[in-house]
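The lines below spell out each chain.
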Amino acid sequence: MIQVLSGQLLIGLINGSFYALLSLGLAIIFGLLNVVNFAHGAQYMLGAFAAWMALHYWGVGYWWALVLAPLAVGLFGLVFERLCLRRLHGLDPLYGLLLTFGLALVLEGLFQNAYGISGNSYPVPAALEGGTNLGFMYLPRYRAWVVLVSMAVCFASWFVVEKTRLGAYLRAGTENPALLQAFGVNVPLMFSLTYGYGVALAAFAGVMAAPIYQVTPLMGSGVIMVVFAVVVIGGMGSILGSIVTGLGLGLVEGLTKYLYPPASDVVVFVVMALVLLLRPAGLFGRQR
Amino acid sequence: MARTNRHLASTAAATATSTAAPIVQSAAATSAAATLTPTLALLLALAAFAAAPAAAQVSDGVVKVGVLTDMTGAYSDLAGPGSLVAAQMAAEDFGGKVLGKPIVIISADHQNKADVASSIARKWFDEQQVDAIADLVSSSTALAVMPVAAEKKRITLLSGPGSTPIAGDKCTPYNVHYTYNTYAMAAGTGRAVVNQGGKTWFFITADYVFGKSLEADTSKVVLAAGGKVLGDVKAPFPTTDFSSYLLQAQGSGAQIIGLANAGADTINSIKQANEFGLTKKQNLAGLLVFLSDVHSLGLATAKGMYLTTAFYWDRDDASRKWSKRFFERHHKMPTMVQAGVYSELTHYFAAIKAAGTDNPDKVMAKMREMPVNDFFAKNGRIGVDGLHRHDMYLAQVKSPEESKYPWDYYKIIRTIPAAEAFEAPDPACPQVKK
Chain F
1 MIQVLSGQLL IGLINGSFYA LLSLGLAIIF GLLNVVNFAH GAQYMLGAFA AWMALHYWGV
61 GYWWALVLAP LAVGLFGLVF ERLCLRRLHG LDPLYGLLLT FGLALVLEGL FQNAYGISGN
121 SYPVPAALEG GTNLGFMYLP RYRAWVVLVS MAVCFASWFV VEKTRLGAYL RAGTENPALL
181 QAFGVNVPLM FSLTYGYGVA LAAFAGVMAA PIYQVTPLMG SGVIMVVFAV VVIGGMGSIL
241 GSIVTGLGLG LVEGLTKYLY PPASDVVVFV VMALVLLLRP AGLFGRQR
Chain A
1 MARTNRHLAS TAAATATSTA APIVQSAAAT SAAATLTPTL ALLLALAAFA AAPAAAQVSD
61 GVVKVGVLTD MTGAYSDLAG PGSLVAAQMA AEDFGGKVLG KPIVIISADH QNKADVASSI
121 ARKWFDEQQV DAIADLVSSS TALAVMPVAA EKKRITLLSG PGSTPIAGDK CTPYNVHYTY
181 NTYAMAAGTG RAVVNQGGKT WFFITADYVF GKSLEADTSK VVLAAGGKVL GDVKAPFPTT
241 DFSSYLLQAQ GSGAQIIGLA NAGADTINSI KQANEFGLTK KQNLAGLLVF LSDVHSLGLA
301 TAKGMYLTTA FYWDRDDASR KWSKRFFERH HKMPTMVQAG VYSELTHYFA AIKAAGTDNP
361 DKVMAKMREM PVNDFFAKNG RIGVDGLHRH DMYLAQVKSP EESKYPWDYY KIIRTIPAAE
421 AFEAPDPACP QVKK
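As they're listed, the protein sequences go chains F and A.
Under the working numbering, the first residue of the first sequence carries the number 1, and numbering increases by one thereafter.
Under the working numbering, the first residue of the second sequence carries the number 1, and numbering increases by one thereafter.
Hint data in this document are derived by calculation from the structure and do not stem from the laboratory.
A few of these clues could be false.
[Claimed, not checked] Non-contacting residues of chain A with respect to chain F, defined by C-beta distances greater than 10 Å in every case (computed):
#1 Lys-271
#2 Arg-368
#3 Asp-426
[As the list claims (entries may be wrong)] Over 12 Å on every C-beta distance to chain A, these chain F residues come out as not near it, computed from the model:
#4 Trp-63
#5 Val-67
#6 Leu-179
#7 Leu-218
#8 Val-244
#9 Gly-250
[Unchecked claim] Pulled a few chain A residues facing chain F out of the computed Cβ check, cut under 10 Å:
#10 Leu-247
#11 Ala-302
#12 Gly-304
#13 Met-305
#14 Phe-327
Glycine included, every Cβ here is placed at the ideal spot set by N, Cα and C.
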């Protein structure tokens, strides 16, 4: 019993680190740009597809893809921010939501047209194949890697935004962009870069996911709902909140899958409803 | 949130496609009619009526088939646009005409939703003179459309769905269940695996009608063959991360993990079972695996797996010849569902020709009377319950080393004779009692 439970908790933690990584990007984008990035799932899918295409067409392996795919997709995000999203700055967040939602539909439609619904298989990199028997479960080496890397990236992002001078600029930019610009900081560029970084994080998560899940055009639309719930529960825009909540919800979901599987795809939303009832600003959110 | 919005958007799209113009339309006929004056047309029509009374046996002067399938969702690779291509090929290969009247193929996306499927079917029957609906992948859409068709006396030709009640207590006199059912899958794969020593089973089951039907049918076969079922877990549909369920399957200690799911669920569960090292001590049995699934998984992951199929493109010369023509148009080899759509429509057109009418009762009688003999089935017979009983094939997925050319994926291990592959007619079906 204890053995099975610890296995399920560990799996919950693994899934939780995906949620954390994805919701982190969303939280950064919302916190600093006030944009509800509905294209996050599609950008996650783009990352996975970029890795697959790099391997399939040019023979570029996993390790390079881990760097190049987020860069390429991040650049795409930056251009998108510059050309489209920026025009909606200062308007109701609903407009940004609609634009990014439209982008997601277009991207998913294009990929579905080109690659079909079943998608493609991406192999686990040779160095991370196999796994270890922990006694209570078999832990694939790749999953352990996912947890470690996600934690590292989450911590680094949190550190940059909350503890460094650059982060201070970013936070100041959200509070009062005009004043910050008066101090000679290029605020529009900063916003573009922030969006680009958030998108790159989604793509990074996509590359991490490629060897585990089938790379399909709709892989992002399933996970994005849970991730939005994570961001809402954690408190919109709270970086620490999204990391902690992502991990926590992974655990809750893991337990549900063991105790009562039919509820496992709604448990996250039940938690969300409860949190919104008791703490409308989310667990870590500040009332605006 | 995202999902709801997507559904709204795609519902609108589906309505648009369903009302769109026919895809294969006899252009000559329409333009000629447009240039005739009404009186002349009336005279000609009268003349035609007097000269050849038998030719007037096709209602509305056209044989119209609607391909109602999943065009963009989870089953769009195994059916979807490929089913439409197959239907168009069937119409063209039949000469584009039957009894001198043009064959018209139209199509729509039912999005795997029962309500969308039945409302498109109603519209097709009431407003667009559709004589038969083909494919209907996913059992819930088939079960929703069948009673509508029966009420309007139109024919349903099912290739995609698998639930056994379709030819059981839910059967109708105007339905043909053509390609496969869950029992045939279970009987083929289940029995073969037990006979090879896979005695103890654990099921990972998609938590809806189809998955449960597949699990129940397989359990029956496993128990009858002397095996044991140690347990099961019902995973919500759809699921992307199966690790938790796989861990439970691993903990059960069963020799065989039966995957009672389909499409993306099957793909992800097989992929992750490999990752979690399940395949070292236990074996997977994919209970419904399509060629498109194996193609997207890749042989390195899928190798060695047993599966049952109604059709494999590379089985003999006839199947190869047709499949290569299909490949030229669709750029993918056909799945059994797509090949089934071609075969069932060809049989339907032949039955109209033989009956000399498209009257549904007479066509159904002819379809039951005539055996199916083509690249898809040898001596296939459609029973009173509408189930097409034909040979099935037990196949094993090749390893990457064994595969010599693109799409060289299966070894056919055994031909399962029709009598063994399918159950005898179910007395729960009203026509069987008669």
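How the hints compare with the structure:
no., hint, result
1, Lys-271, "6 Å, violated"
2, Arg-368, "35 Å, holds"
3, Asp-426, "29 Å, holds"
4, Trp-63, "19 Å, holds"
5, Val-67, "23 Å, holds"
6, Leu-179, "35 Å, holds"
7, Leu-218, "8 Å, violated"
8, Val-244, "20 Å, holds"
9, Gly-250, "10 Å, violated"
10, Leu-247, "5 Å, holds"
11, Ala-302, "9 Å, holds"
12, Gly-304, "16 Å, violated"
13, Met-305, "14 Å, violated"
14, Phe-327, "15 Å, violated"
Hint compliance for this structure: hints 1, 7, 9, 12, 13, 14 are not met, and every other hint is.
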